[in-house]
Amino acid sequence: MTSTARQTAISSLLNELKAASFVAHREVEQVLPVIQPHGEEVTLAWIDACRRIFDFDREAGKAFIRGSSEAEKISETVLPWTEQALTFMRWRGSWRALEGFMANLPRAYGTLGHAGERRWAAIGFMWCARQIESGSAFFGTPVLELSGRQGITGIEQLNTPAEELFESRKLLLGTYLSGAIRVRNLLGAQAILPWALRGADIMQSGRIRGEAYFRLESEESLALLLEHLPGYRLTDRNRLLGMLLDVWFGAGFDLKESSWSPEKGRPFMETDGRSLFFPAVMPNRDEAVLSVLHAAGHMRFGTFDRSSMKQMFADAWVDFPASGPVSWAPLFIRYGEDALRFQLIFDLCEDLRVDFRIQHLVPNYLRRLLATARATGTRHPESGVYFDLALASIEEALAATHPNAVRGKRFGVLLDPSSTVADAYRVACTIYSNDELPHIGDLEAFYAAYLPGRGPNATRLAHPQEKKDQQQTEAQGEQQGESQDQGEGEDQTAQNAESGDQQDGGKREEVAGYGDSSGTAAQAAGRQDAQQHGASSDKGVPYPEWDYREARYKRNWSWVQEKKLSEANLSETHRLMKQYADALKRLKKAIQSQKPTRLAPRLRQMDGDDMDLNAVVSFIAEKKAGRSPNPAIYRRREMRQREVAVTLLADMSTSIMQHLPEGGGRLVDRVRAGVLLFAESMEEVGDNYSIAGFCSKYRDNVSYYTIKNFDEPLSENIRSQIGGMSGRLATRMGAAIRHATARFEAVTSRRRLLLILSDGRPEDYDDGGDRRYLHEDTRMAVKEAVAKGVHPFCITVDTMANQYLPQIFGPGHYMVLDHINTLPKKLPEIYFRLRR
Amino acid sequence: MKTAVNRIRGVERDIVQMPQADDIAPYYEPQGNEVAIFEAAFRKRLPVMLKGPTGCGKTRFLEYMAFQLKRPLVTVSCHEDLTSSDLVGRFLLEGSETVWQDGPLTRAVKAGAICYLDEIVEARTDSTVVIHSLTDHRRRLTIEKKGQEIDAHEDFMLVISYNPGYQTVLKDLKPSTKQRFIAINFDFPAEDVERKILVNEVPGIPVEIAHQLVAAGRKSRLLKDHGLEEATSTRALVYAANMINAGLDPVTACQVAMVNPITDDIELAEAMMEIVQAHFAA
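Sequence order for the protein chains is C and X.
Take the first sequence: its position 552, counting from 1, is numbered 552 in my numbering, and each next residue is one higher.
Take the second sequence: its position 176, counting from 1, is numbered 176 in my numbering, and each next residue is one higher.
Think of the hints as simulated: they come from the structure by calculation, not from any bench.
The C-beta atom is built at its ideal place from N, Cα and C for all residues, glycine as well.
Each hint should be verified, as a subset may be incorrect.
Far from chain C, some chain X residues (derived; all Cβ distances over 10 Å) [as the list claims (entries may be wrong)]: (1) Glu149; (2) Pro203; (3) Pro206.
Beta-carbon label-pair distances, calculated as ranges [unchecked claim]: (4) C:Glu662 x X:Asp265: 13 to 23 Å; (5) X:Asp136 x C:Lys624: 44 to 54 Å; (6) C:Asp607 x X:His153: 22 to 32 Å; (7) X:Asp81 x C:His574: 40 to 50 Å; (8) X:Asp265 x C:Ser593: 17 to 27 Å; (9) C:Ala583 x X:Gln179: 42 to 52 Å.
The task is simple: from the sequences and hints, build the whole structure.
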């Protein structure tokens, strides 16, 4: 084409455009000057493309035109991306993809280079060809996110699994992409494929579930994320943390997992004055230990002390509610945009005050804090100043621990043992008004300013504590959190509350009427009572109950009905057997190696109770023959193993149905597994045993479920009953113990052991709210059992059990399992230790 | 008891050793009034039960008292297979004759020594029955196999030790046995006493180290309910001090003396090491 011909073609195209859309034409005119320097041919090609794309789709055309100048600027070319843009015309409905393409072009060229851009576009086109929405998703995602700052390799990393999944499972890119990016950012590229494969499996079982997984909204995906996150896993270690709290602070801390997840930023330990909340993962062990100690320090040393808080609020001219939870927000709102800055300062002061007090409990705490903080790498550019200030304050505190030290002016007040959170507030106000510290606007900078072990203090509603009230108050249900000014979400964790239906079941049954134990509530799982028919049915076996207030027994006060479990769940049993197959195998081996198999007396011993006549004769004969025979002429009587009979009595009250705080099922699953393993082990050992469960509703309805009798073989039926064990109602332990003791009378063995598997206090609906009442009655029942030659031993999963079990069972006659998951394996082990 | 003459190492000696004039007293630091109680019991020759966790000084106390009262001490460590024959005696073949050999209890009864049955609960029940007649007003030992009885020497005294841990739930002494004894409760010593003990047992240990060891030991004892069968004993602390004195660094010494022997539970061990490190951080 000659130059003139080209120019004619250009103008005619422009006219056509003008006719089609005035706005488009005008925009073309604006961009033209940028294109023209590339030459007439290029200009012609470009305008032609403008017109064609515009014809194809008006929105696409506009996007093309508008994006052209940036594209030209950064790539210094026109034709390559123009041709790419034309490619979109192959597919219908591709205007959105083209929009995304044009918007991303500058970045694509900028970060990937020409070759990278080509590859990027090629990948995108393949997606468009597969499914146009996926193509839109691809081009719609900012290139920087796709590449993860790793150039085209980053994009390939994301793309390869996606392609495979599309081929095999028809997983759309749009569903996959944003989640995959986050996974890659948090865990690295190698984590994408396993995550995606798992998601694809879940997708098969249910579309909605699968999609929630990929959007990282489902618990499963979060759990997987947390599993692979590098660092120190606190969920697995909360027993250790609990032990440390026990040792340094004394028992009484409620440790719960918070709902932190990696995209919420840096993990911190939190407290609301009532409980401690730990994140699933922390960078390292030191930080985790320091965090737990520090947070406990807040609870112990008055950050949540009611009167101090009241004083602080008064100093700030803010109302303090007379009761109920308190929000920290009013203290910070007045600072408007500068609230983060003030909060950092306030936290710094209060943390210092608390850390100084902790030092008196835990030797070398401050030194450890300093060492860990100094080992942190580079400071955050914006908030490093705060970090250093905090370090300086710790150094000051450390200096103050030496006798005759002079306290610094700035923080001196806080290093006094009588200082309170109100003092911290005052000091913070002073430092704030001096205005030397920089403004903080960014949440990431804010988080980075905290020393390891510390964290923002005001993340949850506070539950002010009275001075004496270190104990947990009864759960009123977890409050929804109020977000901070910066929009940081409140963490919400489910309390150890019963699952919804159980709660309803309980309430409904209370209302349903006195003596109605047959479970007319809708949730009734059909546990049949043998006594259900006939109003004049046997009320069961009566037992006295001890009333500690009157210091006497109430005759025939509690009534125990023997019932059979009608729930049986063979498949659950099989599932549990499979799950614990290894543990069971090990147990059986251990038992077998311990079994004394000598039923015959041992002959020819060097020492023994009787003479082995044959050996004696040989001895004398050989002596007479002039030899020196071995004087092994005794025989030992057979080793009689101590005869033991044991009853395993499991608490089957409603609280065992609750979900475990660390996830992975419910307590009842562990109980079932524990009882099952116990039964199998006992079969191996050969001791005489029985299994029973109990629950109660009021004093005249104590249900005693004999799952297996003494001398009864362990049948499939019994196994399936164990698999179907479930919990409801309350725990009148005293009556159950008395009944179990009575049933021992049928057994003739010398030793009788009553193993009680519990998850909490003895209590019932009619104890009038007086905890001590049933505690005392249980204590008496234990004594009665001992008097009758039955030894009770309690195994509990209630970590607060140290508060009441020693008084009921006596020191050394109970055991607290810190980790519920160990119950199935520990139960048989405990038995063997006891019977030795 | 250490004597200049008889304590030739590697040579056997009789189990009933009469105290000599130049014996050296074993070191014992009283915790309360246990010395007075024991002396009173001895004056009346009443049997005594020493109750307490392992490693808190029961045996050492008895050695000390035996020295003070100038009586020989016969110790029997009881175990599951201990029968009455092990205590009272048995027939043995010597040459072509059958000879009766007295067991340690019989020797003590005859010689008027103090007989110490350590961890009596472990022994078989037929052995505990033997002591019934010795521990009431009869003070008589029956040797069934020989068909004889011995009235105990007037200086004879029986002492047993007893460790109330949860393993004795099934294997407990019968109430009728327990009631025959005067019982002295032992526990781990108070802080200052424990420090004194360390300093005396391990001469040359810096006082600062003794302080830290005792503090760490006391904190570790709080972990008992979390699954330890026995809490950190004073003996473990003495071992640790010895290891430090021998040149080992404190943290390692504590680990091998206080943590490793007690538990195999990784988390418990971690918690204990945390305590140790908190006290001994450089």
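How the hints compare with the structure:
1. Listed as outside the interface, Glu149 of chain X is consistent with that label: its C-beta sits roughly 20 Å from the nearest C-beta of chain C, beyond the 10 Å cut-off.
2. Once the 10 Å rule is applied to beta carbons, Pro203 of chain X is consistent with being away from chain C; the minimum gap is 26 Å.
3. No beta-carbon of chain C is positioned within 10 Å of the beta-carbon of Pro206 of chain X; the least distance is around 16 Å.
4. For Glu662 of chain C and Asp265 of chain X, the hinted distance range of 13 to 23 Å is satisfied, since their beta carbons lie about 18 Å from each other.
5. For the pair Asp136 of chain X and Lys624 of chain C, the supplied restraint of 44 to 54 Å holds, since their beta-carbon distance comes to about 48 Å.
6. Between Asp607 of chain C and His153 of chain X the Cβ separation comes to about 27 Å, which falls inside the hinted range of 22 to 32 Å.
7. Between Asp81 of chain X and His574 of chain C the C-beta distance comes to about 43 Å, which sits within the given range of 40 to 50 Å.
8. As the Cβ distance of Asp265 of chain X to Ser593 of chain C is approximately 22 Å, the hint placing it in 17 to 27 Å holds.
9. Look at Ala583 of chain C against Gln179 of chain X: about 43 Å separates their beta carbons, and that is inside 42 to 52 Å.
Of the hints listed earlier, there is not a single one the structure fails to meet.
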